[in-house]
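A.B. asks: Chains as they are written, first to last, in the working numbering: chain A, 44 to 646; chain B, 44 to 646; chain C, 8 to 358; chain D, 8 to 358.
Keep in mind that the hints were calculated from the coordinates and are not lab data. Be careful, since some hints might not be right.
Calculated pairs, DSS-like style, for lysine-lysine (alpha carbon to alpha carbon, straight line, at most 25 Å) [unchecked claim]:
1. C/322 x D/303
2. C/168 x B/214
3. A/108 x A/237
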Amino acid sequence: MDNVKVDRINEFAFKIANTNGTGSASANGLIMQAIFRMGVPVSGKNLFPSNIQGLPTWYEIRVNKDGHTARTPAFDLIVAMNAETYARDIQELQPGGYLLYDSTWPLNPALKREDVHFLGVPLAQMSRDSFDKPREQILMKNIAYAGVLAALLDIDTKVIDQLLEEKYGAKQAMMKSNHLAFKLGYEYAQKNFKCPLPFHLKAMDATRDAILIDGNTALALGCVYAGATVAAWYPITPSTSLMDAFKGFCHRFRENKETGENNYCILQAEDELAAIGMVIGAGWSGARSFTCTSGPGISLMSELIGLAYYAEIPAVLVDVQRTGPSTGMPTRTQQGDILTCAYASHGDTKHILLFPANPEECFYFAAHAFDLAERFQTPVFIVSDLDIGMNDWLCPRLKWDDSYKPDRGRVLSADQLEKMEKFLRYSDEDQDGVTSRTFPGVHPKGAYFTRGSGHNKFGRYTELPHEYQEVVDRLSRKHAAAAKYAPAPIVHTEEGATVGVVSLGGCDGGVREAIEELKKQGIICDYLRVRAFPFADSVETFLRAHTKNFVIEQNRDGQLRTLLMAETGIEKERLKSLLAYGGFPLSSHHVVDGIRQQLGSQS
Amino acid sequence: MDNVKVDRINEFAFKIANTNGTGSASANGLIMQAIFRMGVPVSGKNLFPSNIQGLPTWYEIRVNKDGHTARTPAFDLIVAMNAETYARDIQELQPGGYLLYDSTWPLNPALKREDVHFLGVPLAQMSRDSFDKPREQILMKNIAYAGVLAALLDIDTKVIDQLLEEKYGAKQAMMKSNHLAFKLGYEYAQKNFKCPLPFHLKAMDATRDAILIDGNTALALGCVYAGATVAAWYPITPSTSLMDAFKGFCHRFRENKETGENNYCILQAEDELAAIGMVIGAGWSGARSFTCTSGPGISLMSELIGLAYYAEIPAVLVDVQRTGPSTGMPTRTQQGDILTCAYASHGDTKHILLFPANPEECFYFAAHAFDLAERFQTPVFIVSDLDIGMNDWLCPRLKWDDSYKPDRGRVLSADQLEKMEKFLRYSDEDQDGVTSRTFPGVHPKGAYFTRGSGHNKFGRYTELPHEYQEVVDRLSRKHAAAAKYAPAPIVHTEEGATVGVVSLGGCDGGVREAIEELKKQGIICDYLRVRAFPFADSVETFLRAHTKNFVIEQNRDGQLRTLLMAETGIEKERLKSLLAYGGFPLSSHHVVDGIRQQLGSQS
Amino acid sequence: MTYIAKPRLIHPGLRKNKLGLTVRDYEGALSTLCAGCGHDSVTTGIIQAFHELDTPPHRVVKLSGIGCSSKTPTYFLRDAHGFNAAHGRMPSIATGASAANKQLTYIGISGDGDSLSIGLGQLAHAIRRNLDMLYVIENNGVYGLTKGQFSASADLGSKSKRGEANSYGAIDPVSLALSLGATFIARSFSGDKRQLVSILKAAIAHKGFALVDVISPCVTFNDHEGSTKSYRYTREHLTEIVHSDFVPLKEEITVDYEAGGAAAVTMHDGSVLLFTKVAEGYDPSSREAVFSYLMKHQASGKIPTGILYVDESGKDMHELNRTAETPLSEVGFETLCPGSAKLDELMDDFR
Amino acid sequence: MTYIAKPRLIHPGLRKNKLGLTVRDYEGALSTLCAGCGHDSVTTGIIQAFHELDTPPHRVVKLSGIGCSSKTPTYFLRDAHGFNAAHGRMPSIATGASAANKQLTYIGISGDGDSLSIGLGQLAHAIRRNLDMLYVIENNGVYGLTKGQFSASADLGSKSKRGEANSYGAIDPVSLALSLGATFIARSFSGDKRQLVSILKAAIAHKGFALVDVISPCVTFNDHEGSTKSYRYTREHLTEIVHSDFVPLKEEITVDYEAGGAAAVTMHDGSVLLFTKVAEGYDPSSREAVFSYLMKHQASGKIPTGILYVDESGKDMHELNRTAETPLSEVGFETLCPGSAKLDELMDDFR
Ligand SMILES: Cc1ncc(C[n+]2csc(CCOP(=O)(O)OP(=O)(O)O)c2C)c(N)n1
Ligand SMILES: Cc1ncc(C[n+]2csc(CCOP(=O)(O)OP(=O)(O)O)c2C)c(N)n1
Ligand code: SF4
Ligand code: SF4
Ligand SMILES: [Mg+2]
Ligand SMILES: [Mg+2]
């Protein structure tokens, strides 16, 4: 089937294959942003290697007028800038698709595919002819392909001009080079190819109230707005850009420009064990504090996570998941830490997890996480992933409600302590599971000895079974109580639905698109997206309403399914796994095929 | 009800309350061993504090002609040597029971209990009168109460003489003091009390083929017999005595007395992260290696456990569990690390666990664990606990089958490599999930680059989804395949059983005793004891055979139950939790009451 | 600072400090350590030091790891918040606590196992950040709480209670700290209360990381013949190479000393540290000189004690980070949250 | 040792060593590091060193942590088993591997992040155990693989690519190792191949832990103006305080040197290390002298290079543990298992 025979407006996908370290990010960003500015829904997925220079990298852009921004593996056009991956890239094109390559060097005829259009542009040549410095030649080659793409896809050049103006307004030389390179590509395409291609762009008005943002940036911003002041971390892909962004925002919003004083303290720890220690120390001392890391960091933090759980100290941990186990594929996405986070640390422990589905939720969940951590005096995990964290997503503009007041939970002030007979740290007078805490330095009466060793409700050391049990039983009730305060699941029901679909986090886009597609094919699904653990009662209600629920997630072992089985009353027979765990963001194709296949094989 | 009205022969329990650091261990051991030598089944539970000197400690001895050696909380006699705990100790006596106290000082009349017999012996006074040195006075006071006990319980004094001879034969002064002290107590009791008490001992012949041994010692011995040569650890209660014992046995069996050369290498690591690293390095290099630790150590090891899982390196980890979470109660027992061990490390990971129920199994499972670790090239956990590990248990003599050959799994020799075209580390030609490995230094063709990062079946770095998946899918099959090689569950069925009981590890004694008791009360149970994860098929078969299965375990969250729900096909409704997690070893009372109550409330 | 602990009981004979508190008000729960344990003497020294410095107890944060030594914070300053962390992780917890509230006084108690094995990395990096705290290592050469294994500070050849000789060389926290650029380094002995208290006071006054290594014998597992961390061995091998006196800011400096025979270091808060008896040519401000002294004494089997190195010029973590004066835990939410208008503005950057 | 790699290709121009292997036979996979990365030069040095020492490649074990530096073991000695461990954990894996097989040659490659932050504790304790291995830190002052954060070896005030100045003092692996009692300590520069190769050879010959700190600039994130780990800065500030030559056992010692101007250290295997050009008064066998030199050079902004300290008298981990000569991985099960009769005897102890 030739997908591109008919004209397709604002509904196609293309990717740029390149070598990392060659500076293609600005060219790719330019294209992506231009499409966005044309009012057309767009998303980009950056597939980069765990390496600094010289290995293959791909940037995938999907344009979809209906706003479907999940990854799609069906490409109409590929810009093949990396000779090493030509063969693979050509294979991945849809029949009838286009391959744009650098014709400075001849293409190996063995690579030709009959059902694909080859568009050669002498990009390197053009760049060499027009620029002197080797570094500039490399960079401008990229801007030149952006020019070609603009012509082929009918990108509004005024938008491009505007973007270049915004970016390089102050640096005229850069601006000139960029303009020139862009023009070289644009004009070459205009002259040599039939422009635009059958699939191309047309201005819309679908992004007026939207932004393009990655989840790590949004989450960092959320931490700033939540009033987090202490951040401790150890660099690890794909969480690093979160702390970079936090630092940038703090620089902007938290520095006294006159005195140079900072209302924040970012600590690059010596490792993850120290990072979580710092977060716990700061949370104990009364600051909102957090860390961001990825799987290996969570493993290393597990001992102290148990300490925070048992000593009841708030802490926010952002796990930007990558492909495990072990070092795994550090630049690929996965949802493989769900169980690890839920039960992190030895002994009986259970934690609160939030599962944002996109950068927007990353922003809002940040404040929510701090509120939960302080209200329940316990570690809270924001379980994000590389796809959400590092890719640019189309989101509604973020908003802030100025009436928001942080929920600091039960904290006794100096005055309250002064009036008290005696402060008992872990005594649960009103039986809601949460007890009062105090900050150091506030009042002598507030003093107590925080410990991870056995303690009774007075906070004193104990080895007596009933005293020990009283405390851990309360911890268990406290965890359960958090369900009502955590983000509720998003439920979408349809008349006539026969199956339930359950998913979480970054699967959302692909799943929603798949459900639409399935509906067209006559399979009607209800959909519930889990947004937190402990699970709200509505999760079980939803599951009970369907004899067959597909649990869609990105890991090998069906970890969300395991957690649902273990932590709700649902019969496991109702839960079917649909998994994707190769490291790429989920696409709707995978879901559609998976559900059809499982339904087919059983009907 | 006065439990002690009628004479009870070889069926009672008593405990000695003392202060730690006062050297009561030898007196307690003497009594316990004497009973054992009289041929009477006996067990001892040492309840000691996490402290070196000055805090309360109890030693509980149970005598049971039928061989029930689980802890019982019903005491007929208490030796109250610690004034600080008098009040508590007196409360714990059975009605009609006896309290033996040091009458050197008068007993606070407020402590008196009408339904209890008070036996005062001026122990300190006697000891002070007979011995000069303060340290000796303290120690001999203990031997004196042993003498009193001997008279009260009718312990064969010839056996005592024999034991003292064996112990102090070479040290005449010590022998004399011990004899004297013992006699002081014995004669005082004979003179002042009606001896023996209504419950007392009578020689039997039930321990001829038995030994008294703790699980840590037995497991260490198992490691020696399994051929383990490298051991790395970091001290932590209650696992420390395991490595002490291993060192002792190595000293005895593995040192060349002529050259002083050692056929073992024990490394006291700087922490648990290093300990597991050393074990992995040694396993990779071809030695059988292991570590022992407790919960906090497992948390710290989790990152490297994932590395060993993914890079497929054998390692044996003994987790002698203690009460968690966090530092918890380091000298109390629990089974709280089941889930942590099963899924240790971030990403999709699953491990092999063995659950010994007593020292005997500790010994045999050691060799089994190394075989599994090498056959499946993966970490194997022996999940023991403080009760098994540190208390003396009555066990059959350990035996060794000299025809045993270690199962080293698929290891290529230099000759095999020499003949091969090319060695591919992770290529699973015969599809049984396990691939061939090589040791360093053996042959250039065997060289490969071991890594925790994404790799394909050739062992080379990859970021390609299908290559990555191929390997992790095989790991998943490999884990499942281990079920058939791991210790099979022990199943005991009864005609007319209406409920199933499932348990594991150190719960066994209490559970078996409870099942007997329940049977007397008309509740007939089938019993399955899980001995390994992954679960054998017979586990599911057993569960299916009962609409109601009580899963009995020592943790708050029902971790075995969770694992059964997650990893078998069983409907969770069939699984009911019965939990004990206060830190004391399980007693049959708890099980009987728990099952009756749950059955009652639902019938 | 308004809520100062009220003196608990009137002990007529006890000296009151400027806050009207007696030394009893600086005590904590009863010790559960072995009778005679060196750690208890250190506790007493700490109590006295804080009392003499007139520190409001509740403005102190006391932290520790895990071990017998790490239990001791319960035994002093009952009005101070305490944190008994996990094994080896106290430095990071202290770092976080300090990040949240720079205005409190931080004291960490650790053991040689806690600091030199499992916690070595965290200790090193707390030194590197010049975290403003007093860090005491109660050094007994063994793991007391786990019953007597050699620690990393056990000397080569030192005998265990069972008679085994230690086969590895010792990690000396003093040389280690010196190589890592610590700004205050001292060593003392639990049996020398006079010296210990004066060192502790100076260390508390120091702005930055103050490492005090205290040889503190374990009577139960490491006080026998053959041990090099026993009371007897330590007494016999001690040499006070630096005798210093600490003169708090508010007291007049009246100590008499010969010119040339003493050096004075002014502490960050204005108080003065007087080196009144210094081994010939000893220069507590030169890392290399101090290292030389350590090596020489080590070779001759001596244990040098005193305030061995001081550098008051180093910036502490908060100065390096330019953290605001108001503790971060006390900054109001209004100040911290940029608000909706700023967000709306910012959103334009993402288009 | 019978299965020595066959020379792969005949490069007529290449020198063959005693095993008949050319330098090509010591290479590995193609590097995927950035063009110009210092680490690639270190790789070349390692290849040359092993070739010159006639080491059978498959009798080498190469290990690393995580980082750009830690990727390099793939790029040399393709016939050697390699282990790319987790971040900061290579020392413990190496310790275990060595415990299992003491007869192989161990080389670990690490980065400044891998060794001085997350891995500091393990590095320190590998030094303490005097584990017999060559440990190379490819020191560039940044976290290369995670894109340019400062590492713990970044100098105070050194500028990042984005222009931020580092606010913390550097941890210097050389002084650290000195304070921890390391038995072989050297520093070199990836751009000085001659010196590097000679140091590596001596370090491999050393019995015990040989720490070689190699300044190895990161062209992508730390080679700009303002960085103190750039090629330019390093070249300008290098001073070779010790020029040494390594003379392998089997070669005749013909090097000519003035009496008094050079010192010779005989290595464990009998080969000789000649200190031919030594800064005046430099004594590579005195910890305190070396520390003084380091401090002085540090003060004057110089980077001293060379073999800075050697002590061939230290016992390595296996000697300290008296491990049997036969690698533990090769001892037969019959030898290891005491058998049923012994067990039966033993059982009587438990009655
Ligand atoms: C992660 C972890 N590993 C091991 C332990 C067991 N442990 C408790 S205290 C201790 C050593 C304490 O030694 P040290 O710090 O010297 O203190 P001391 O008791 O000698 O004062 C160890 C290993 C633990 N609590 N946590
Ligand atoms: C536990 C863990 N934390 C963090 C990381 C991320 N990480 C990978 S390499 C690296 C730093 C490498 O720096 P360095 O050792 O100096 O090597 P370089 O790249 O500079 O050669 C970090 C933090 C990781 N892989 N594992
Ligand atoms: S065991 Fe040693 S360190 Fe611990 S309390 Fe007793 S004497 Fe002190
Ligand atoms: S990023 Fe730096 S350290 Fe890493 S390969 Fe590139 S130049 Fe080398
Ligand atoms: Mg100690
Ligand atoms: Mg580096």
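A.B. asks: Decide, hint by hint, whether the structure agrees.
C.D. replies: Cross-check of the supplied hints:
Between residue 322 of chain C and residue 303 of chain D the CA atoms are separated by roughly 22 Å; this keeps the pair inside 25 Å, and the hint holds. The hinted pair formed by residue 168 of chain C and residue 214 of chain B meets the criterion: a straight-line CA distance of about 19 Å does not exceed 25 Å. A distance of roughly 23 Å separates the Cα atoms of residue 108 of chain A and residue 237 of chain A; the hinted pair therefore holds under the 25 Å criterion.
In summary, the structure agrees with every hint in the numbered list given earlier.
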